[in-house]
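Novice: Here is what each chain is made of, one letter per residue.
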Amino acid sequence: MLDWQPLILTFKLALITTLLLFFIAIPLAYWMAFTKSKLKPVIETLVSMPLVLPPTVLGFYLLIAFSPSNAFGNWLNEWLGLRLIFSFEGLLLASILYSLPFMVHPIQSGFSNLPKSLKEMSYILGKSRTSTIIKVLLPNIKPSLLTGIVLAFAHTIGEFGVVLMIGGNIPGKTKVASIAIYDEVEALNYGAANTYSFILFALTFTILLIVYLFNNGYLKQFHK
Amino acid sequence: MIELAFQKKLISATGEMLLSVETTIKEGSLVTLYGKSGAGKTTILRILGGLTQPDSGKISIHDSVWLDTSKKINLKPQKRKVGFVFQDYALFPNMTVKENLEFALIKGEDNSIINHLIEMVELGELQHRYPLTLSGGQQQRVALARALVQKPKILMLDEPLSALEEEIRYKLQQYILTVHKEFGLTTILISHDISEVLRMSDTVIELENGKIIKQGPTNQIFNYKDLSAKFQLTGTLIQIIKQDFIYILSVQIGKDLVKIVADESEGENLVIGDKILVSAKAFNPIIQKIG
Chain A
50 MLDWQPLILT FKLALITTLL LFFIAIPLAY WMAFTKSKLK PVIETLVSMP LVLPPTVLGF
110 YLLIAFSPSN AFGNWLNEWL GLRLIFSFEG LLLASILYSL PFMVHPIQSG FSNLPKSLKE
170 MSYILGKSRT STIIKVLLPN IKPSLLTGIV LAFAHTIGEF GVVLMIGGNI PGKTKVASIA
230 IYDEVEALNY GAANTYSFIL FALTFTILLI VYLFNNGYLK QFHK
Chain B
14 MIELAFQKKL ISATGEMLLS VETTIKEGSL VTLYGKSGAG KTTILRILGG LTQPDSGKIS
74 IHDSVWLDTS KKINLKPQKR KVGFVFQDYA LFPNMTVKEN LEFALIKGED NSIINHLIEM
134 VELGELQHRY PLTLSGGQQQ RVALARALVQ KPKILMLDEP LSALEEEIRY KLQQYILTVH
194 KEFGLTTILI SHDISEVLRM SDTVIELENG KIIKQGPTNQ IFNYKDLSAK FQLTGTLIQI
254 IKQDFIYILS VQIGKDLVKI VADESEGENL VIGDKILVSA KAFNPIIQKI G
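Residue numbers (our numbering), protein chains in the order written: chain A, 50 to 273; chain B, 14 to 304.
Simulated from the structure, these hints should not be mistaken for lab results. It should be emphasised that the depicted structure is a prediction, and the values quoted were computed from it without experimental measurement. Just so it is clear, CB atoms sit at the ideal spot from N, CA and C, and this is done for glycine as well. Treat each hint with caution, since some may be false.
Stated by the list, open to error - Chain B regions said to be covered by chain A (calculated; three or more residues, Cβ under 8 Å):
id, segment
1, 85-91
2, 113-121
3, 172-184
To be verified - A few chain B positions that, by computed beta-carbon distances, are all more than 12 Å from chain A:
id, residue
4, Lys49
5, Gln151
6, Lys194
7, His205
8, Lys224
9, Gln252
10, Ile266
Pulled out of the complex, with its shape left as it was, chain A reads as follows (with noise of 0.2 Å):
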């Protein structure tokens, strides 16, 4: 019987780490697209990094900051009560670290393509900056804001590298399907490998059309 725990929890942490990351993003891609700052190349590579870094990297920094024997875990840990490694809360802001570039960077360019006249014209009827993001760009964004969440969604199922480093193998908690499948394939379970393999392909292969079709235009008859 196929142990189901590892795919619910890979779903739940793909959810909340993209339901996070969306409102994290916004800002984030609006300031990214219309800032003059300096700061501005650090920041968008910080956010890149994630692409090019490998995951254990990432994983192995984050096990380090948020161990309870440093400082910064210490703090977490007696004032917050967080404890963020091998937990499902360590995971979640893992995640979220790592799939940011996936959520941030079609957001920012759906903004930066947008015509800096819609935005002038939103100010000039009165409308503050709050309210023109949420009434004008955001609706004119709709695929990019799509493709965002799809990719970071799809981007956090395939994790492993990050969760095997900070969020180890605890079932129910940090198990998820990517770690099963070695798992059992490490157990020489090839069956429950590839049934797990089998599920997440197919999952995310269906996610992804979805949103090339949407964005191509060929579900267009049935959304306004």
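We have chain A already, so just place chain B on it with the hints.
Specialist: Showing chain B alone in chain A's frame:
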């Protein structure tokens, strides 16, 4: 009275240019900013609207100060309450025609103005359509109506008609004149089409390389006195052919090409591209309805 006095360094295609403007605009007038592209016309409107910051200067409107760099006063675009029609119209693609207008409505204000404006620019049948499904002329009307929802005192139009065909253009000029009167607006229009300027504005400010070179009543600026002509047309000179003692001028009037005979004294000072006024005084033009 609108008082403007500001400077701003601009980087243009031909290098650095100092935009330096000092002028007053009478309340209720319809002013055209006229000049070649790159003369700084759009920047003036943007500075008035608060979208571009000048390096230094002062703007005051009916005794309220919008900008005074020496006192560090600079009202945000949101607080200036101007009507603005951009060259690209900037209609919000995610909203229908009506929603575009409703978006402009200040919370709690009477929304009957929206239906009134929709009727005024004849958009009733199109009010539930999205902007991208409309023609250029229709989009322009939406932009014009939207700019008036907040009942601004000042309406600014950045070459609103340049992308449109002649017939639609004429109709839209009428809409602009109508709203200008009905709303008691001070209207500032950018145009580089002389016939449009003559038809619409009472005052012209002519710009060249960021400076005002002429300002005054339209007919004076274009050296077009109230001649008691039987008919008059304005157009652009396309071709000059000299034949013996006369010149044959090809003039584009609207979209038609008209050939006109000119004598030597008239013809020798003209160059291709000149804007010219053609009028006849001694004979009555014969006018017949043909369709």
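Novice: Would you mind marking each hint as holding or not holding in the structure?
Specialist: Hint check:
Coverage of the segment 85-91 of chain B by chain A holds in this model, with 3 residues showing a Cβ closer than 8 Å to a Cβ of that chain against a need of three. Counting residues of the segment 113-121 of chain B whose beta carbon lies closer than 8 Å to any beta carbon of chain A gives 3, which reaches the threshold of three, so the coverage claim holds. For the segment 172-184 of chain B, the assignment as covered by chain A is violated, since 0 residues bring a beta-carbon within under 8 Å of that chain's beta-carbons and 3 are needed. At roughly 22 Å from the closest C-beta of chain A, the C-beta of Lys49(B) stays outside 12 Å, upholding its exclusion from the interface.
Remark: the non-interface label on Gln151(B) is consistent with the geometry, its nearest Cβ contact in chain A lying 17 Å away (cut-off 12 Å). Its beta-carbon lying about 23 Å from the closest one in chain A, Lys194(B) satisfies the requirement of being farther than 12 Å from that chain. The claim that His205(B) lies off the interface holds: its Cβ sits roughly 20 Å from the closest Cβ of chain A, which is beyond the 12 Å cut-off. Listed as a non-interface residue, Lys224(B) keeps its Cβ farther than 12 Å from every Cβ of chain A; the least gap is roughly 26 Å.
The beta carbon of Gln252(B) sits about 38 Å from the closest Cβ of chain A, which is more than 12 Å, so the claim that it is off the interface holds. With a cut of 12 Å on Cβ distances, Ile266(B) stays outside the contact zone with chain A, its closest approach being about 33 Å.
Violated hints amount to a single one, hint 3; each of the other numbered hints is respected by the structure.
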